[in-house]
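Residue numbers (this note's numbering), protein chains in the order written: chain A, 1 to 139; chain B, 1001 to 1139; chain C, 2001 to 2139; chain D, 3001 to 3139.
To be clear, the hints were calculated from the coordinates, so they are not data collected in a lab.
Treat the hints with care, since some could be wrong.
The calculated lysine-lysine pairs, modelled on BS3-like cross-linking and capped at a C-alpha distance of 30 angstroms, are [as the list claims (entries may be wrong)]:
1. A:LYS91 to D:LYS3106
2. C:LYS2040 to B:LYS1106
3. C:LYS2040 to D:LYS3040
There are 4 protein chains.
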Amino acid sequence: MDIKMNVAELNIFAQEVFPQVSDQLHVEEITDQGCIIRWKVDASNIRPGGTISGPTMFSAADVAAYLATLSRIGPEALAVTTNCSIDFMRKPAAGVDIIADCRLLKLGRVLSVSDVLIYSEGEPKPVARASLTYSIPPK
Amino acid sequence: MDIKMNVAELNIFAQEVFPQVSDQLHVEEITDQGCIIRWKVDASNIRPGGTISGPTMFSAADVAAYLATLSRIGPEALAVTTNCSIDFMRKPAAGVDIIADCRLLKLGRVLSVSDVLIYSEGEPKPVARASLTYSIPPK
Amino acid sequence: MDIKMNVAELNIFAQEVFPQVSDQLHVEEITDQGCIIRWKVDASNIRPGGTISGPTMFSAADVAAYLATLSRIGPEALAVTTNCSIDFMRKPAAGVDIIADCRLLKLGRVLSVSDVLIYSEGEPKPVARASLTYSIPPK
Amino acid sequence: MDIKMNVAELNIFAQEVFPQVSDQLHVEEITDQGCIIRWKVDASNIRPGGTISGPTMFSAADVAAYLATLSRIGPEALAVTTNCSIDFMRKPAAGVDIIADCRLLKLGRVLSVSDVLIYSEGEPKPVARASLTYSIPPK
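Next comes chain A alone, as it looks inside the complex (with noise of 0.2 angstroms):
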C-alpha cells in the first residue's frame, strides 16, 4: 500500500478535522501495516475508579484506523465508520498516555478494515483491542 500522507501531513490533517482534541491527538508514526497515534490523557478523560473512559479509548481507536486509512488514500474527510467491535481487557494507567497502533488489514474500494491494539504508554500488555470498518466516499 503506497503511503499517500506522512506524519507531518497526517497531523496537519488531523488538527484540522478534529479541532476538539487537537491538543490531544499526536500521530506519531505511520508503520508498515496502518500507523501509531498517542492521546494524551487529560483530566476530561478520567472515570470513576480513577481510570480511562471506555469513549476516550474508542476515540483512540477510531481516530487510528481513520488515519491509518487516509495515510494511504489521501485526505478524504468524509470516511465515516459504520462498525466497530472494542474489547476493554486490562484497567489503564490514569497518568500516562494512550497509545494506539492500527494495522489495516483491508483496504478496498469502499471499506476498509482495520485493527487496533491499545497500550498504557510504556505497558507491554495491550489494554484494549478494536475492530473496525470505515466506509469510504465515492470520488
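The hints should help you fit chains B, C and D onto chain A, whose structure is shown.
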C-alpha cells in the same frame, strides 16, 4: 427484574459519576427491559460533515447500558464495560438530541449483556445500534 | 419495507441454496421487521457439556439475517455476510430446537444491518444475540 | 505464558471433544502468542458462489481461540465462548484449506481474549479476522 434505582436516583447518581458530561446526560425513563436516556448534543459532539461524532454515540450507548444495569442492581459505580460492538447505520441529524433506548438481555451475577438503539430525537429509524457487556464487581 | 418473498418462497429458496442443512432449516414466519426461523437441532450440533455448539447458533443467526434481507429484496443468493458480532448468554437446552428471531434495522442499497435473538424453543429468555451486516451485490 | 499442552496433546484432545469435525481439524503449531490450526475444507463447507461458508470460518476461529486458551491452561473442556466479533474481508479460495492463526491478548483467571486471522492456505492476505472471549470455568 426488580427496580433498585428510580429515574430521579439514577439522574443524581449519573451527575456524580460523570461530572464531565453532567450537562449533556439525562435519564428519561426506566422501561420494562432497561432504560431510555437523552444525550443533549453540543458543539463538542459534532464532526466533519455536520454530523454527530462516533465517540458521542458510543458514549450514549455505554452510559445507557451502565445505567440500565445499575437500575436493577443498585449504585455499583465500578461496573466496567468489557465489550462493545456498535454499528453506525444512518447519519444523525446534527441539531437534535440523541435518544438511547437500552434493553437488558441478561443480568447475571458477574455480567450484564444489553443492546441499545440510538435515535436522533423525533426520527423513527435508529441511527446506530450497539451491544455491550458490563462486568459487575463482586460485593 | 415491501415483502418480495413469502414464507413458502423463502423455504423453497433456502432448500436450494443450503442443501447441506436443508433438513434442519425452516422459515416459520415473516414478521413486521424481519423473519423467524427454526433450526432443527441434531447430533451434529451438540458440543461438550451437552449444549448446542457456537457454530450452530452462528449459523442460525446468519441464515436468519440472510433470509430476512432476501424477504425484502428478492432472491439474491450472492449476498454475503461482512460482519457478525454474537454474544452467547445462556446455555441452550440440548434437546429442543433453536428459534432465531431477526429484525432488519437498516436495508440500504448495498448493505443490510440486522439483529437476531436466539431462543431455545419454549424458553422466554434468549440464549444468544447477534448483529450482522450483509453486503448486497449490485444488480 | 507457560505451555500446558503441546501440539500432539492438543490434537488428541481436539479429536475427543470435537468428534464431528475430527477429520477436518488439525493443530499445526503452538506459537509464542497462541497457536495455528488448519481446517481441512470439504464439500460441507462450501456455500453459494463457490466459496467457504461463514459458519466454517466462524468454527475455525472459535476452535483456534479455544485451543490457544487450553494450550496455556490445560484441558478444560468446558470453557465456553461468550462473545465473538468476526469480519469477512475477502472471498476465500474454495479448493484450499483454511489456516487460523490465533494470538492470546489476555489470559485472566476467568476470561481469555484472543484475536484470529484466517487465511486461505498459500495466500498472503487474510480472508477474515475475529476476536473472541472465552469464559474459563472455576476449578
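Quick rundown of the hints versus the structure:
{"no.": "1", "hint": "A:LYS91 to D:LYS3106", "in the structure": "holds (12 angstroms)"}
{"no.": "2", "hint": "C:LYS2040 to B:LYS1106", "in the structure": "holds (25 angstroms)"}
{"no.": "3", "hint": "C:LYS2040 to D:LYS3040", "in the structure": "holds (26 angstroms)"}
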